[in-house]
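*Asks:* Sequence:
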Amino acid sequence: MVPTLLWLALSGLAGCGDNEPPAPDRIALAPSILRVAAGASLEVAASYVGVDHTLTAATDVTWSIGDAVIAMVTPGAAGHATIRGIDAGTTTVTVAGQGIADAFTVTVTGP
Numbered sequence: 597m598v599p600t601l602l603w604l605a606l607s608g609l610a611g612c613g614d615n616e617p618p619a620p621d622r623i624a625l626a627p628s629i630l631r632v633a634a635g636a637s638l639e640v641a642a643s644y645v646g647v648d649h650t651l652t653a654a655t656d657v658t659w660s661i662g663d664a665v666i667a668m669v670t671p672g673a674a675g676h677a678t679i680r681g682i683d684a685g686t687t688t689v690t691v692a693g694q695g696i697a698d699a700f701t702v703t704v705t706g707p
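Numbering of the sequence shown is given in my numbering, commencing with residue 597 and proceeding in unit increments.
Calculated directly from the structure, the hints in this document are not laboratory data. Any given hint could turn out to be false.
Pairwise CB distance ranges (calculated) [claimed, not checked]:
1) ALA674 to ILE696: 27 to 33 Å
2) THR655 to ALA633: 24 to 30 Å
3) ALA641 to ASP683: 23 to 29 Å
Keep in mind that this is a model prediction, so the values were computed, not measured. The beta carbon of each residue, even a glycine, is placed where N, CA and C say it ideally should be.
Given only the sequences and the hints, what does the whole structure look like? Please build it.
*Replies:* Structure below.
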């Protein structure tokens, strides 16, 4: 009886070692409002948001801009990027990683 209980207890503990973080639910940017003047730059950082609302640095994301006439995006290190305003208007920046992609509105104001 004791060996059986010991085996059951140890078997249960073996399953407790899986501490994988939950898969990300979405991507968030900081700052959350992307507004920049034409000719100026804005530094942004991406984070993964888990289903439990925990934030994890999104160091493996890719960045793309919808309209390069309005703004450009230059990826940096560790989930950071620089958005540079080119001409007044709005466009989107898309951030993708770990099987998800989110688009964010970028507003470029006049100089």
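*Asks:* Now look at each hint and say whether the structure bears it out.
*Replies:* Quick rundown of the hints versus the structure:
In this structure the supplied range 27 to 33 Å is violated for ALA674 paired with ILE696, their Cβ-Cβ distance being about 18 Å. The hint said 24 to 30 Å for the Cβ distance between THR655 and ALA633, and at roughly 29 Å that hint holds. Between ALA641 and ASP683 the CB atoms are about 25 Å apart, so this pair conforms to the stated range of 23 to 29 Å.
Of the hints listed earlier, the one the structure fails to meet is number 1.
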